[in-house]
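**Q** Each chain is listed here by its residues.
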Amino acid sequence: MAKLSRRAIATYVAEQLTAGDSKKVVLQLAAYLVDTRRTKELSLIIRDIQFYLSEAGAVSGVVTTASELTAETKKAVEKYIKEQTGAKTVALDSLIDPSVIGGVKVSIPGRELDATVSRSLTVLKTRFKKA
Amino acid sequence: MKQVDERQDAIEAAAKAAIAAQASAAESKEEVEALMAKARSEAAEIVDTAKLEASQMLTSSEEKARTTAEKIAAEAKANVEKSIEAAKRELHDETLELIALATEKVIHTKLDKKADAALIVSALKDSK
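Chains A and B, in that order, are what the protein sequence lines are.
First residue of the first sequence? That's 1 in our numbering, and the numbers climb one at a time after it.
First residue of the second sequence? That's 1 in our numbering, and the numbers climb one at a time after it.
Treat each hint with caution, since some may be false.
[As the list claims (entries may be wrong)] The following label-pair restraints were derived from C-beta to C-beta distances:
no., chain 1, residue 1, chain 2, residue 2, range
1, B, E104, A, T18, 40 to 48 Å
2, A, S99, B, T68, 57 to 65 Å
3, B, S122, A, S22, 32 to 40 Å
4, B, K77, A, V123, 54 to 62 Å
5, B, K113, A, R111, 21 to 29 Å
6, B, H92, A, S22, 51 to 59 Å
7, B, S61, A, L124, 56 to 64 Å
8, B, H92, A, A30, 24 to 32 Å
It is worth saying that the hints were derived from the structure and are not from the lab.
Virtual Cβ for every residue (Gly too), placed ideally from N, Cα, C.
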């Protein structure tokens, strides 16, 4: 069996997911990667799938905050992503990380917004330091 | 009589010789004086030249010493300025660290969920 390119795999999976056949395609992908001993490429393939899905209007991303997002803030983040990407649907994974102190970090395929307090403090410490 | 004449001749010859010797002595004296004058002039010239050279050497040494002193002073000044600049930079960076640390401590205690939510909404609006 010829080795499929990562792009071909990602495109196929993205198309199947858009068509709504998620369970089947995920199993297919897992089986294929195990069979071809390419499980190490999983994270890269997922990133590619997310990229193709975002191009098709289905953006998935990770939101990092110091505490749990309220319904209002989650809505604000989704609205922000839609406005920035033109996405029709937004799927968010929420990550709680107290080290960010406050604010929000939004990571979506191809771009990232880091508006956390920890980032601002790092910028303060590094950008204004005299060389 | 002959003897008298011979004596007369001898006296005249002696007188002529004396005059010639006197003239020769005078001439020699002038020559000596001229030589002495020339020697004094040359000596004075040598002394003047030596004085001038000594003066020039002194001036040159003073110039070199001044240049060296100015160079040392300039280097010392540059080193001091460099040290001051480094100290200022260090102080500036330490102040930044302290500000960041203090801000972090204050935010940790002051930023509740409501304030954080407002901060998130504000940040999203600002980044549009």
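**Q** Note whether the CB distance of K113 (chain B) and R111 (chain A) lies within 21 to 29 Å or breaks it.
**A** Because 27 Å falls inside the window, the suggested range holds.
**Q** Using the beta carbons of S99 (chain A) and T68 (chain B), state whether their distance is inside 57 to 65 Å or not.
**A** 59 Å, holds
**Q** Could you say whether the range 54 to 62 Å given as a hint is met by the Cβ separation of K77 (chain B) and V123 (chain A)?
**A** 36 Å, violated
**Q** For the range 32 to 40 Å, tell me whether the beta carbons of S122 (chain B) and S22 (chain A) fit it or not.
**A** Hint holds: Cβ distance 36 Å, inside 32 to 40 Å.
**Q** A range of 56 to 64 Å was offered for this pair. Does it hold for the Cβ distance of S61 (chain B) and L124 (chain A)?
**A** For S61 (chain B) and L124 (chain A) the Cβ distance comes to about 58 Å; the hint holds.
**Q** Taking the Cβ atom of H92 (chain B) and the Cβ atom of A30 (chain A), is their distance within the range 24 to 32 Å?
**A** 55 Å, violated
**Q** Does 40 to 48 Å hold as the CB distance between E104 (chain B) and T18 (chain A), or does it fail?
**A** At roughly 43 Å between Cβ atoms, T18 (chain A) and E104 (chain B) fall inside 40 to 48 Å, so the hint holds.
**Q** Do H92 (chain B) and S22 (chain A) keep their Cβ atoms within the hinted range of 51 to 59 Å?
**A** 55 Å, holds
The earlier numbered hints that this structure contradicts are 4 and 8.
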